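Dock chain B against the given chain A, drawing on the hints supplied.
There are 2 protein chains.
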Amino acid sequence: MKLTVDERFARPFASEDEIEAVMPEIAAAAAKVFARSGEGAEMLGWLDLPENYDRAEYARLKEAARRIRSDSEVLIVIGIGGSYLGSRAVIEFLKSPRYNELKKDTPSVYFSGDNLSGSDLDELLSLIEGRDFSVNVISKSGTTTEPAVAFRIFRAELEKRYGAEGAASRIYVTTDARKGTLKAFADRAGYETFTVPDSVGGRFSVLTSVGLLPIAVAGIDTDALLAGAACAMRELAVPGSANPAFRYAALRNLFYRKGRKMEILAGYEPFQLMLNEWWKQLFGESEGKDGKGLYPSSVVFTTDLHSLGQYVQSGERIMFETVLTVDSPCSTAAVPYDPADIDGLNFLAGAPLDAVNKAAMQGTLVAHADGGVPNIVLRLAERSEEALGELIYFFEFSCAVSGYTLGVNPFNQPGVEVYKRNMFSLLGKPGYEDPTGRLAKII
Amino acid sequence: MKLTVDERFARPFASEDEIEAVMPEIAAAAAKVFARSGEGAEMLGWLDLPENYDRAEYARLKEAARRIRSDSEVLIVIGIGGSYLGSRAVIEFLKSPRYNELKKDTPSVYFSGDNLSGSDLDELLSLIEGRDFSVNVISKSGTTTEPAVAFRIFRAELEKRYGAEGAASRIYVTTDARKGTLKAFADRAGYETFTVPDSVGGRFSVLTSVGLLPIAVAGIDTDALLAGAACAMRELAVPGSANPAFRYAALRNLFYRKGRKMEILAGYEPFQLMLNEWWKQLFGESEGKDGKGLYPSSVVFTTDLHSLGQYVQSGERIMFETVLTVDSPCSTAAVPYDPADIDGLNFLAGAPLDAVNKAAMQGTLVAHADGGVPNIVLRLAERSEEALGELIYFFEFSCAVSGYTLGVNPFNQPGVEVYKRNMFSLLGKPGYEDPTGRLAKII
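Chains as they are written, first to last, in our numbering: chain A, -9 to 433; chain B, -9 to 433.
Please note: incorrect hints may appear among the correct ones.
Any copy will do: because identical chains look the same in the list, a pair fits if it lies in one copy or spans two.
Claimed, not checked - As a list, the in silico SDA-like pairs of lysine to any residue whose alpha-carbon atoms are at most 20 Å apart: (1) Lys410 to Ala341; (2) Lys94 to Arg59; (3) Lys419 to Ala341; (4) Lys251 to Gly281; (5) Lys251 to Ile308; (6) Lys348 to Ile432; (7) Lys93 to Arg121; (8) Lys150 to Ala339; (9) Lys150 to Asp211; (10) Lys348 to Ile9; (11) Lys169 to Gly334; (12) Lys(-8) to Cys320; (13) Lys22 to Glu225; (14) Lys(-8) to Glu10; (15) Lys348 to Gly427; (16) Lys348 to Lys431; (17) Lys150 to Ala18; (18) Lys251 to Gly361; (19) Lys419 to Glu407; (20) Lys419 to Pro329; (21) Lys93 to Val64; (22) Lys150 to Arg26; (23) Lys419 to Thr133.
None of these hints come from the bench; they were simulated from the model.
Quick caveat, the model's predicted, so the values are computed rather than measured.
The shape of chain A in the complex, shown without the other chains:
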């Protein structure tokens, strides 16, 4: 595997004996995953997805991506939660957080429908002025408010610009295979459709059509991404205390039981920022229930060593860190020589910036461990589709095992509905009346 778990900076806080003691629970949780016998097992479609997917749809998806690349300067991806986090994370990790601004021969990819901000929509409309665009709307039901509103707006813009028929050839719908109003309308209107599988929840869907279409449009090798995930799938299917996912799940459950309430995912490259956000949904929605779970937080160092670094070093000891590092250098930039040596850094002249960044990481690992914060290090051999595919599967599988170990159903998210019911009631949506008038009284 291109991914390894380095426990040296976690070990002072969790002995091998402690890890071994928790391992039977981890193994039992993993057995429930493999046997599909745990709560929510109907949502385990992601488990063998890297090998068991609809080849015909996948071929059609790659063809659609080619078409979008040839006729569009911009792809507007409309989705919320798992319908945008995965593809955005992959594009930013492999290309750049500045992908849209950089020179490239693939379309810009803007994400919409993940909020209710009018100014955000106004800006996106101004960004597509004079540029050919297509839309990929991603919604299992087709009725989620945020993407539905955005789809109304961008569909109207497409129809205004290209006519109903022209618009139809630029709208790609990723939704339920059979049910739902969006599927029915798309079929009537002649939009090309892709599938959100019934057995894959939003936060586990990045390697389905949900994530793969925008990723492919950005020119990323989806075959390699899937191959990486398939590699992890095979490796992590081998039970035992050497299994990297077992170890990660064991350590994080162990730290939780020792009173750590929060896991901070850290990285040293700005291109990791959206991957952190994807990870926060994956673990936060899977584990944050029944009054339990590690709160997922994230940082990008060295940037945030100058904001949250002080707290991590010396504040409440409520967290542990999981640090993701990419072993092979992501750039050949070096520290230039300066005859004036204003900053006294000539001792570093000629040094690869990547080596300086790695020294910052090593110095921080030691500093934070010294400060009483356990650090798990995830080493990714390189910044590549294969490696990222492995990492995605690793996190998904570790999350399932962790959740069962914690004693929750890692595949539901009942808490997400609560604000929606209140919102619909306040907005007067039929069927959401508030007979007691409690909401109106409070607000």
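Just chain B now, with coordinates in the frame of chain A:
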């Protein structure tokens, strides 16, 4: 004031009696601030800054901003921590997180020197290809590694492009007024310099030249920003339990004592994201010490209701939320009518999106309070320079009062140095030898 504290969703978790009981401590902490008699009082320069600043330097700063706007398409701001978070937060809040991508008649503003990523630097270099640019390097000492490396690189690029003299007219240095190698070199080289005041720490420096030069370059009215801060300064100088900063400081200390270990700053507009980051440094570095302090986390809703929402609703009850809302609509966008009504949202057709967003907020306030999470609401009357100036000063003053109430020195950050010492030792910096060889053994 354009800022008010709405406690309705905090009240079920903190009675008026409880607030009154803690108020004498808050008043004592505030008295230490006003009397400049507490620990770290030498760093209270920000306290009367909105009225007590160097008028001549400020006039020179506005002139420099005009020059940059006239001769540059891009300003590269080089700084880390408080040297970039404040100006970036203000530009994104008042203009847009997409400020650089949108059409505008002011220069793009890119931030560099806040990390050690080579790929980040490579990208920024590619973004200035063929575009005239200037550099504002911000560093009190001039020796902080991240900005120093970036300054080496962009200074070399300027000199290559414009010659030594041309480069000198495009380099603006914000640094110590007298001390330090950067100040000495800037004077020799003929760079225009601005001051990082001795009595203002990085995280409190947004309203000094540190923040104001980039903000002015982006075409933001710095007079109005300072006027807003001055308004807050006058209002918050009146002690008493009606003082909004007293109330915020009282509530957050009360929740902390009741076992809440984390404060989540939430907003409903994507343009708030970097303000959240600025706030995280302000409170995290000020309070996260001596094993104490609220861990600052942040979210942008409704986006993150679909990632961290589940956890906030039903996970561990370790947090409270502080929700920032802008009362007046930030956009006139409305929900379009759709004859097909695919999503069943025609009951909202014609409704301002801002009203839907506000209903989401109200629904979430009720949902999270019902779920056991206290919510403090900060209402900002509008998205304007004046209002944001008030908010900035409100947070700074509340932070000082909160920190003293917590029993820490809110103006130092000793923990930030620990990783640096290890890093320098690993990099072989003279004076940072590791006589025991411990680091080399661990890494």
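Problem - Violated hints, by number in ascending order, as checked against the structure - result: 9, 10, 14, 17, 22
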